[in-house]
Amino acid sequence: MHNRLNTRGDVDYLRVDSLNAAVSALAKGPRKILAGGTDVFPSLQDRPLVGAILDISGIAELGDINFDGGYWRIGAAASWRSVIDADLPPAFDALKTAAREVGSVQIQNRATIIGNLCNASPAADGVPPLLILNAEVEIAAKAGLRHLPLSAFILGNRKTALKANEMVSALRIPLESTVGKSGFLKLGARSYLVISISMAALRLDVDAAGLISTIALSVGACSEVAMRMDRAEAALLGTPLATATERVMLEHFDALAPIDDVRAPASYRRQASVEVVRRLLADQQRDFASGINA
Amino acid sequence: MTYFTLNGRIVTSQLPASTRLSDVLRNEMDLFGTKIGCNAGDCGACSVLLDGAPICSCLTAIGQVEGAEVTSIEGLHEAGKIAGLQDSFLAYGAAQCGICTPGMLVAAHALLAENPAPSRCDVQNALGGVLCRCTGYSKIIDAVLAVGTGIGVPLSPKGGCSVGSPIRHIDGQPKVDASLVYGDDQVPHDAVLVRVIRSPHHYASFQIGDKAAFLAEQPGILAVLDASDVPGRNCFGVIPPFADQPVFAETTALYRGDAVAAIVGDPDSVSRFDEADFPISWEPHDTMLTPESSTSSGAPKLHNSRDGNILVRGYVECGDADKALAAAKHQVNVRTKTPFIEHAYIEPESGYAVLEGSRIVIHGCTQAAQMDRESLAEIMGMDLAKIRVVPSACGGGFGAKLDVSFQPYVALAAWVLKRPARICYSRGESMRASTKRHPSDIRLSIGCDEKGEISGFVFDGVFNTGAYASWGPTVANRVPIHACGPYKTTDYRAKSVAVHTNAPPAGAFRGFGVPQSAIAQECAYDLLAEKVGMDRLAFRRRNALKNGVPTVTGQVFKSGVGIDECFEALEECWQSALLKAANFNEVAIKNGSPWRRGVGVASCWYGCGNTSLPNPSTMRIGVTSSGVVVLHQGAMDIGQGANTVITQIAADALGLPVHEVQIVGGDTDLTPDCGKTSASRQTFVSGKAAMLSGNALREILIRQGNVDSDAQINFDGSLLLLNDAAGGFARIDLSELPVNDFGYVFMAEETYDPPTSPLNDKGQGIPYAVFGYGAQMMELSVDCVLGQVKLETVTTAHDVGRAINPLLIEGQIEGGVAQGLGLALMEDYQPGRTENLHDYLIPTIGDIPEFNHVIIEVPDEEGPYGAKGLGEHVLIPTAPAILNAIRHATGASVFDLPATPDKIFAAITALEEKAKRSG
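Chains as they are written, first to last, in this note's numbering: chain F, 1 to 294; chain G, 1 to 919.
Simulated from the structure, these hints should not be mistaken for lab results. Glycine residues also receive a C-beta, built at the ideal position from the N, C-alpha and C atoms. Wrong hints could be hidden among the right ones.
Quick list of in silico lysine to any residue cross-link-like pairs, SDA-like style, CA-CA up to 25 Å [to be verified]: (1) G:903 with F:251; (2) G:790 with F:191; (3) F:96 with G:790.
Covered by chain F, according to a simulated footprint, are these stretches of chain G (three or more residues, beta-carbon under 8 Å) [to be verified]: (4) 13–21; (5) 43–57; (6) 60–71; (7) 118–132; (8) 785–791.
Based on the sequences and whatever the hints tell you, model everything.
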């Protein structure tokens with residue numbers, strides 16, 4: 001591979017094959033980063049893609065999903081499809097389910113998980129499953145790497161902590177956050193190619209007595225940024241999984257601030273989120289019950 | 001430059017690396033099989049394989065495929081890799097308009113390459129990213145599942161035997177090999193590109209600035225066109241007395257999307273142009289998006305001649321509705337509302353114009369070539385003879401491609417610059433500018449006696465007709481005639497009004513307002529049946545219209561009224577579905593499941609052809625001196641299958657096998673006027689003209705050979721051979737005969753115009769020569785806690801009079817049901833908010849129920865071989881059947897469409913709270 005500059009008129013398109021080349025280019029000036037293209041192109045609304053572009057989709061080292069002993073790493077060029085295909089612990093099942101429900105097969109083949117985070121839509125399907133894994137965002141610049149918890153990376157609707165000369169190089173998920181099993185549930189007004197009205201991700205584990213020993217719960221599309229449901233987690237931790245659905249209360253979700261939009265009114269979003277969480281818990285009840293029986 | 005492998009060959013793209021792969025394929029590689037429907041990954045029409053995996057080529061920069069392997073539909077076709085899929089798509093009728101077919105085939109091929117024996121669910125998952133607006137997806141699923149299971153050879157019925165045979169679309173092959181030419185395919189390479197500047201405001205005055213200075217600053221832009229450039233009348237409209245839409249608004253834009261100017265120039269400059277740089281100043285006004293606001297006191301008039309912003313009113317009255325209602329034992333009152341519905345054909349409006357001497361030739365997608373021609377002659381101030389319209393393939397229409405759209409802009413640009421000029425609307429532009437289904441606000445009261453017989457029916461419908469007239473008058477006239485449904489209604493009063501607003505022009509969309517009124521009527525019928533304590537289907541059958549019973553306009557059919565036959569056909573599965581639902585719900589309640597099963601039924605009737613207006617079609621059929629039979633078939637095939645059905649009819653009338661009749665399409669220079677493809681009229685009206693011309697040509701040939709009328713006709717090269725049963729024989733050498741002006745040695749041309757009569761001031765008269773009838777039964781499940789609906793099975797029973805082609809009929813029904821379920825459950829066009837295909841949701845392959853069809857044939861006296869229209873009928877019962885099934889499942893009624901999960905949830909919650917209060 002070679003680094004190739006294609007310039008014509010208003011287009012300055014740089015395709016690089018290493019992270020080093022990418023951050024060097026960014027150090028010289030800001031560039032629009034192009035990976036899967038599934039957010040970049042729709043945002044143009046039929047206009048051509050112009051300006052300074054940094055194509056990172058050919059950086060082989062960023063396409064991997066692997067485990068380095070301490071962390072699971074997902075590279076910035078890894079597609080949803082590669083998440084589906086990767087051999088990952090059950091704690092990633094939520095992420096895999098989300099991957100299968102992103103857009104369509106065509107989108108999953110191109111769109112990257114990290115692009116989904118950088119686009120910072122309130123309805124980004126990747127955020128809830130990564131919040132329950134305590135994912136950290138690895139940010140690269142010429143000066144070096146820095147790490148931010150995902151919750152500190154996405155600052156608001158279409159707003160991230162990324163600076164002009166930086167790019168996200170990877171996500172890392174600490175081993176200790178991959179305990180237990182997980183699930184993801186998305187609510188939309190049709191099948192396929194649908195933006196969520198509400199979604200939730202849940203990871204939990206139970207002890208020998210059937211008490212919830214680990215729990216992480218997040219809800220998306222019901223606030224500017226998807227968030228962990230701390231109150232619900234606190235209410236459920238240490239309690240029996242078998243009766244957990246009964247302990248989920250509307251007030252546990254007070255931190256959500258859903259909006260009215262073309263997809264649904266806020267009141268429905270709030271109610272539906274609670275139900276989606278109950279269903280995820282019910283799935284886990286069945287899962288663990290069948291696990292015990294087996 | 002970018003090197004990559006395309007369909008097995010290494011190629012180089014000279015375009016900037018940031019160019020979309022889809023644009024490289026189409027504009028640089030001349031591969032037009034990859035279609036562009038949205039440029040946003042929402043429709044999947046542009047699917048190609050990248051290193052074997054399906055992707056959207058509109059979301060991939062050419063720089064990203066450097067060194068990679070791209071396979072487009074052409075590559076798969078040429079390598080023979082999709083031969084099985086193609087054959088299966090043809091056998092199942094899985095390609096209608098064909099615009100989504102390349103994307104479907106690419107996605108299906110990728111699936112089968114990984115999984116040669118997929119399940120139904122696997123197919124849905126694999127094709128979920130490709131939208132189809134025609135087929136209802138079911139035949140596509142079946143076609144993919146059937147690959148490799150042994151598809152029979154295509155049917156090829158004998159002469160005179162094709163009517164009734166489920167033959168494949170005769171024009172299907174170019175759809176599955178992606179060689180069919182649509183509006184933006186194969187445009188002249190030297191064409192300038194036209195881009196229309198449209199109002200970003202719902203209602204605003206404007207002033208265009210210094211055009212000369214603008215042009216001087218923009219070297220690639222060759223012309224700015226505005227109202228001052230229109231040589232003829234700056235006005236068009238589908239109904240000439242109501243024509244009111246300007247090619248370019250002159251001082252005030254009446255809706256968001258109204259055209260105010262156009263720029264024309266080299267394609268690169270025009271596509272890169274930032275509209276913010278166009279010299280125009282806007283003064284927005286207070287917006288009136290609803291009839292409430294535009295009819296409130298002091299509201300400004302949008303059209304000088306239309307007081308109160310009322311476009312037109314419709315009215316039908318018979319008997320004494322008030323008296324009958326007062327005397328009724330039971331009465332229900334409902335109010336239903338529906339929003340704007342977008343047609344969402346996957347092919348945006350597109351085409352090009354070229355000059356041929358002093359004539360303008362317009363190529364592109366349309367449903368009404370002859371009407372386009374008439375409008376353009378007026379707009380260009382030219383003789384009709386100077387305008388030629390050559391329809392391309394039409395990638396879906398559903399009513400919105402009846403109106404003039406892109407045609408004036410390319411005609412004007414070509415005329416001004418003396419160069420070919422092309423245009424292709426973006427998805428956003430298509431959605432903003434094009435017509436929509438009328439939003440409705442309907443108040444309805446129906447009464448009945450203790451036996452369930454209808455007693456009094458009062459209907460009042462307000463339709464938001466948007467900024468311009470379009471088909472508003474048709475909707476206002478059709479609705480009061482149809483609002484009673486196919487039921488005996490002796491005391492009836494229905495009024496409708498079409499009201500102007502600053503919304504997009506509401507026009508024709510499959511059913512012209514009748515789907516909206518049927519929702520009110522069929523939902524009210526369920527409520528009434530419950531009050532009487534009758535089975536809902538039995539209640540409908542008690543009131544079903546019969547032969548000899550006057551309709552609400554006083555029309556009496558001696559035969560052909562087939563609605564009760566449709567209901568009867570549903571009877572058995574209705575009873576078993578009710579039982580199944582009851583059992584399901586018993587178990588669900590026991591298990592604490594949130595799911596409830598429900599069953600709903602609804603019906604339709606629909607008059608075929610124009611309402612009380614002349615509506616002729618003319619067909620020409622000729623024999624060349626070399627023995628080729630040519631049918632000049634001007635009924636636009638927009639995917640529904642007119643080319644096939646009408647040829648079947650003509651071939652049978654003539655007595656030839658259908659595959660021996662060649663067709664010439666709707667080029668206005670070559671083919672007589674067959675009217676527009678609308679109002680479910682082509683099988684009936686154009687089909688009848690085809691039958692008459694086929695009969696006439698047969699008679700000419702028989703007379704020429706002096707044989708008996710039962711003679712078989714055969715061609716052997718230029719020899720015409722005629723054999724009758726009595727042994728009579730004739731052999732005519734066609735090459736020795738004189739050729740007429742049209743190039744034929746024998747020719748017949750016949751016109752059919754359905755007999756109707758004007759309606760009087762109470763709407764009494766003969767609006768249509770033929771009605772078609774139908775009923776649908778929907779089984780579904782509702783998640784009562786989340787309000788989500790899962791459609792299980794729909795059973796349809798449509799009376800088509802005579803099923804000319806049962807395969808195509810099923811295709812029409814399934815496509816209509818898909819659009820009906822979109823209307824019921826998800827579709828909601830909001831100007832400025834849902835102008836793309838991810839905020840405006842249409843059904844995907846995962847939203848479709850399973851289909852059972854019963855085709856009913858109660859012959860009509862007028863229709864060819866007894867056939868009736870079908871195209872619009874099929875959409876009408878679906879939405880009310882769904883709403884009735886939701887109510888059956890949950891007890892909750894949703895009358896404000898679409899019935900999205902939040903509305904169903906709210907209705908169920910309200911019901912529970914009411915129960916708590918009263919309990």
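Against the structure, the hints come out as follows:
1. G:903 with F:251: Since the Cα atoms of residue 903 of chain G and residue 251 of chain F sit roughly 23 Å apart, the hinted pair holds (cutoff 25 Å).
2. G:790 with F:191: holds (10 Å)
3. F:96 with G:790: holds (24 Å)
4. 13–21: The restraint on the stretch 13–21 of chain G holds, since 5 of its residues have a Cβ under 8 Å from chain F and three suffice.
5. 43–57: Since three or more residues must qualify, the claim that chain F covers the stretch 43–57 of chain G holds, with 7 doing so at under 8 Å.
6. 60–71: That given contact holds, which follows from 6 residues of the stretch 60–71 of chain G lying within Cβ reach (below 8 Å) of chain F.
7. 118–132: Result for this restraint: holds, n = 7.
8. 785–791: holds (count 4)
In summary, the structure agrees with every hint in the numbered list given earlier.
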